[in-house]
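Listed below, chain by chain, are the residues.
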Amino acid sequence: MPSDADLSDDDRKPKVGPSANSIDQSLDAIENQLSSISVGQSEYESEADSDVEIKEPSSSNQDKMEELPNGLLNRDSGADNSEELPRINVVEDVSSSIAVWRNNSEEMEAPASPSSSGYAGERGSSNASSRDTGIEEVDGEILEIGNGDSFDGGSNSQVQWLPGKRHGNEDDASTSWRKRKKHFFVLSHSGKPIYSRYGDEHKLAGFSATLQAIISFVENGGDRVNLVRAGKHQVVFLVKGPIYLVCISCTEESYQSLKGQLELLYGQMILILTKSLNKCFEKNPKFDMTPLLGGTDAVFSSLIHSFSWNPANFLHAYTCLPLAYTTRQAASAILHDVADSGVLFALLMCKHKVISLVGAQKASLHPDDMLLLSNFIMSSESFRTSESFSPICLPRYNPMSFLHAYVHYLDVDTYLMLLTTSSDAFHHLKDCRIRIEKVLLESNVLNEVQRSIVDGGMRVEDLPADHDSHSGAVSLHLGQPGHTRESSERFAEAFIGVGGPAGLWHFMYRSIYLDQYVSSEFSSPVNNRQQQKRLYRAYQKLYASMHDKEIGPHKTQFRRDENYVLLCWVTQDFELYAAFDPLADKALAIKTCNRVCQWIKNIENEIFLLGASPFSW
Amino acid sequence: MPSRRRTLLKVIILGDSGVGKTSLMNQYVNKKFSNQYKATIGADFLTKEVQFEDRLFTLQIWDTAGQERFQSLGVAFYRGADCCVLVYDVNSMKSFENLNNWREEFLIQASPSDPENFPFVVLGNKIDVDGGNSRVVSEKKARAWCASKGNIPYFETSAKEGTNVEEAFQCIAKNALKSGEEEEIYLPDTIDVAASSQQRTGGCEC
Chain B
1 MPSDADLSDD DRKPKVGPSA NSIDQSLDAI ENQLSSISVG QSEYESEADS DVEIKEPSSS
61 NQDKMEELPN GLLNRDSGAD NSEELPRINV VEDVSSSIAV WRNNSEEMEA PASPSSSGYA
121 GERGSSNASS RDTGIEEVDG EILEIGNGDS FDGGSNSQVQ WLPGKRHGNE DDASTSWRKR
181 KKHFFVLSHS GKPIYSRYGD EHKLAGFSAT LQAIISFVEN GGDRVNLVRA GKHQVVFLVK
241 GPIYLVCISC TEESYQSLKG QLELLYGQMI LILTKSLNKC FEKNPKFDMT PLLGGTDAVF
301 SSLIHSFSWN PANFLHAYTC LPLAYTTRQA ASAILHDVAD SGVLFALLMC KHKVISLVGA
361 QKASLHPDDM LLLSNFIMSS ESFRTSESFS PICLPRYNPM SFLHAYVHYL DVDTYLMLLT
421 TSSDAFHHLK DCRIRIEKVL LESNVLNEVQ RSIVDGGMRV EDLPADHDSH SGAVSLHLGQ
481 PGHTRESSER FAEAFIGVGG PAGLWHFMYR SIYLDQYVSS EFSSPVNNRQ QQKRLYRAYQ
541 KLYASMHDKE IGPHKTQFRR DENYVLLCWV TQDFELYAAF DPLADKALAI KTCNRVCQWI
601 KNIENEIFLL GASPFSW
Chain R
1 MPSRRRTLLK VIILGDSGVG KTSLMNQYVN KKFSNQYKAT IGADFLTKEV QFEDRLFTLQ
61 IWDTAGQERF QSLGVAFYRG ADCCVLVYDV NSMKSFENLN NWREEFLIQA SPSDPENFPF
121 VVLGNKIDVD GGNSRVVSEK KARAWCASKG NIPYFETSAK EGTNVEEAFQ CIAKNALKSG
181 EEEEIYLPDT IDVAASSQQR TGGCEC
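So the protein lines, in turn, are chains B and R. Heads up: the first sequence runs through residues 1 to 617, numbered per full-length UniProt numbering. Heads up: the second sequence runs through residues 1 to 206, numbered per full-length UniProt numbering.
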């Protein structure tokens, strides 16, 4: 839980007033930025010898943090290098308190002194070149939106994007195919294509054979190929028995992230077919599983699409539709009722968000399984048109066997899933659904769900003010814009642009015990698909660096680049990821994060599903 | 995109180096021939769509290198093949005698479920050379060997002139298709709740 002591002792001081505060802060900021320059430069030098970085080993040029030169920085650091240092690498650690952090910055000044020497010019030029790369990559990202993922266009609602096969006429000889930024392939251990994100699988048979040859060649030597780097491209391999999965990407995502995506892709395949596949391949290496996957293109393309917008993919947590506590209770109560009558899992979901879920005794559902299951249901058009009874496998629950899922859409977004082990339970589950639907209508749950969709979730603009909010916190609810408008005005001087106080643009909060996360609605300026995708990737990278097994785990991270200030804070109970304006003040940002945590705590019974059986696996 | 079921057939081409495996494939897929010899490194892959008895299917052709140093790649390359094409040069006795080794090596490495009936096709290539005057392996001899190995279909080809290439690959496709015909019903288990709680072990199995 957020306590003032954890982050900043400034928080404990009584507020003198915004103006006095901001003077303090800007002095701090100058000091911080000065120390930042020093840190960055000394680090850049060491980087020349080795690839070791303090924070993120997998980082490439794009990862280098940048302190945007602003007026203060230029004035105080002198003209000799400010012009020549368009890009400064900064790795800052938000230590347990501001006081400690200040100590750090003092210590760090010592190795930094050469920065004011004649080396600056030299470094300036090399830094400039690295900046070029950064821009190029950003352009590349735009390019992708422009040509590859033009279907993705639109805003944060996912409705515009239609799942399905893309560019089915391409093959590996097509220029357009070669330009795609992110390919996914699934093939069998005999080199027969099973799935390709772009292009026709059969036309890609030769390419698929090449991939198999590479994998098998390394395997023959008793080794395993995980990653191949080729220029801007990374080729990531994942071998799952007789199934080979390959991702070829120039999106700058980390190896860990891409591998995680391949794992999910495999999981999706298991969800549809179970791992009994392996037996078929054992019996007959020629086994062709493509007919078994017939009609599932949309399932895979929609999963792959979600790799660029759904944080559940890397957080391994699910998110709930915000609802009043009593409303969710009403839904949970009726699901509990049916779970007692031989239903293994009962889930009520709205798009990819959970309204309520109940498991039979001792049965637990992994968030990844929920992700794959809801993706399967939402991307298969036929579930929408009638009640269905379909065999599905939950890879984290039991990858070898099928369960049976009764699926029924209660309205255009809301659907009920009842999972059972019995293949003849259809009529019983149908009766259950009728009961559930009746109760949900009577208790107005479905209307509340629709209202919640319209109202949206947490908005950074509504972040309640700090100290005064404690007393009134209980009355805080979502979807009441205007409630906190005044309070955000208090910080109007502290940031430029729109968004929340202190330049807060967005946040994600993951509760470790609940296996759930909540993220704020996107607000300006992160208001188009392209911006959101970029932020998603930044979070993904931040997550990977926080959880890096070799150098982590870390507790806090503060990084600034030309796009954002990103702040991450990991405790035993939660992980908080927040994005701020790149010019945001550090101390204010930290304070704001504390307020976000407090806010979440205050409304946790609306945004989380509480009291669900603990998940153990 | 629901489409008619398409089949993909994996075809391995084996034979001594220089017998014309790559040239045969090139003639078949690209209708091209070059006199220049370029050794295949490891393997080349080509695909060709074939219509057969109103069905469309794709041949995935694995053109392997003949040199012995590449034979360690065997298992990896041969796995899951639908048909194996053995090629020799009618002007080279050695390349013919080696067919037996290639066949046995393939059966060992690929370990098909029914080795007796695994579809092979034998091609005697380069029948055009020197107007047939330098030929050392007679058709009779070749056919006798094929008959002794379970009636392997035999074709005399010229990759250069394109003689019999189309016919040979039609036969290859037909035989590959036949061997892939046995279809199984895919029926995985359903969870037994009592057992499943024990089955589930901690952590993911990745």
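Rather than coming from a laboratory, the hints here were simulated on the basis of the structure. Owing to the predicted nature of the structure, the values given are computational and were not obtained by experimental measurement. Keep in mind that the hints are not guaranteed to be accurate.
Pairs of lysine to aspartate or glutamate, DMTMM-like flavour, derived with a Cα cap of 20 Å [to be verified]:
| hint | chain 1 | residue 1 | chain 2 | residue 2 |
| --- | --- | --- | --- | --- |
| 1 | R | Lys178 | R | Glu166 |
| 2 | B | Lys283 | R | Glu116 |
| 3 | R | Lys48 | B | Asp200 |
Which chain B residues face chain R? A few, computed with CB under 7 Å, are given here [what the hints assert, rightly or not]:
| hint | residue |
| --- | --- |
| 4 | Gly206 |
| 5 | Ala209 |
| 6 | Ala213 |
| 7 | Asn220 |
| 8 | Arg224 |
| 9 | Thr274 |
| 10 | Asn278 |
| 11 | Thr296 |
| 12 | Phe402 |
| 13 | Ser423 |
| 14 | His427 |
| 15 | Lys430 |
| 16 | Ile434 |
Quick reminder that beta carbons are idealized off the backbone N, C-alpha and C, glycines included.
These are the hints, each one checked on the structure:
no.: 1; hint: R:Lys178 to R:Glu166; verdict: holds (18 Å)
no.: 2; hint: B:Lys283 to R:Glu116; verdict: holds (16 Å)
no.: 3; hint: R:Lys48 to B:Asp200; verdict: holds (13 Å)
no.: 4; hint: Gly206; verdict: holds (4 Å)
no.: 5; hint: Ala209; verdict: holds (4 Å)
no.: 6; hint: Ala213; verdict: holds (6 Å)
no.: 7; hint: Asn220; verdict: holds (6 Å)
no.: 8; hint: Arg224; verdict: violated (13 Å)
no.: 9; hint: Thr274; verdict: holds (4 Å)
no.: 10; hint: Asn278; verdict: violated (10 Å)
no.: 11; hint: Thr296; verdict: violated (11 Å)
no.: 12; hint: Phe402; verdict: holds (5 Å)
no.: 13; hint: Ser423; verdict: holds (6 Å)
no.: 14; hint: His427; verdict: violated (17 Å)
no.: 15; hint: Lys430; verdict: violated (19 Å)
no.: 16; hint: Ile434; verdict: violated (24 Å)
Comparing the model with each numbered hint stated earlier shows that hints 8, 10, 11, 14, 15 and 16 do not hold.
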